[in-house]
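Generate the whole structure from the sequences, applying the supplied hints.
Heads up: the sequence lines are chains A and B, in that order. Position 45 of the first sequence, counted from 1, bears residue number 381 in our numbering, the numbering being contiguous throughout. Position 20 of the second sequence, counted from 1, bears residue number 356 in our numbering, the numbering being contiguous throughout.
None of the hints are false.
Note: identical chains are not told apart, hence a pair may lie in one copy or across any two.
DSBU-like cross-link-like pairs, simulated, lysine-lysine; straight-line CA separation at most 30 angstroms:
#, residue 1, residue 2
1, Lys372, Lys401
2, Lys401, Lys339
3, Lys401, Lys345
4, Lys372, Lys420
In case anyone wonders, no lab produced these hints; they're calculated from the structure.
Number of protein chains: 2
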Amino acid sequence: MEKVNLKEKFSLFTTHYEPKIAGELNGQLVKLVKFKGEFVWHHHDNEDELFYVVKGSFDMHLENKVVTVKEGEFIIIPRGVEHKPVANEEVQVMLFEPASTLNTGNIENEITQRELQRI
Amino acid sequence: MEKVNLKEKFSLFTTHYEPKIAGELNGQLVKLVKFKGEFVWHHHDNEDELFYVVKGSFDMHLENKVVTVKEGEFIIIPRGVEHKPVANEEVQVMLFEPASTLNTGNIENEITQRELQRI
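Listed below in structure tokens is the structure:
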């Protein structure tokens, strides 16, 4: 049973929008991801998703508003809600979501990640 | 759908070992808690528990070792594992755990919290 240091884990990768698995509990995964640029609009039919900003900030686009999520803040996106992260600068994010969650939700394209690396 | 600012939420209470609910997703709760002093040895029969340190540090006592968890680090305690948090100085912790989780696990005494405040 070892602790996980986020700074150390984030130093292990440089890619954007490719979540890595950093922990697992109760059928949920803790994922670490760097955002930069604009993601795709999508939703998750069966999973709520938590985004916690470890470093930096990003804009979560929702159908009727944009929420800027900054360091030390989190936002929960309930299942079914369309959303699109946009990061002008690189941001480090910790995700907490069910193991079944696909990064692009209902959309499948070249940025869909099926096999996530564990770090 | 609003974001949650941890610093702001932690400013709302001063008590120790009394978790507050700051978010809910997929049957799991995000709880914020301040530790100071020594908690009780306990385990959770059916729940894994994640402790993420937002500010400060604490010692997680386990049966055969002590893990010091510092700011920006988390530790996952699997179900069934005896543990006891000890904080020499006040520490701010974010917990991820199933809604069913009782703070004192298999132990029930005067510090058991059954009705958690939402903040």
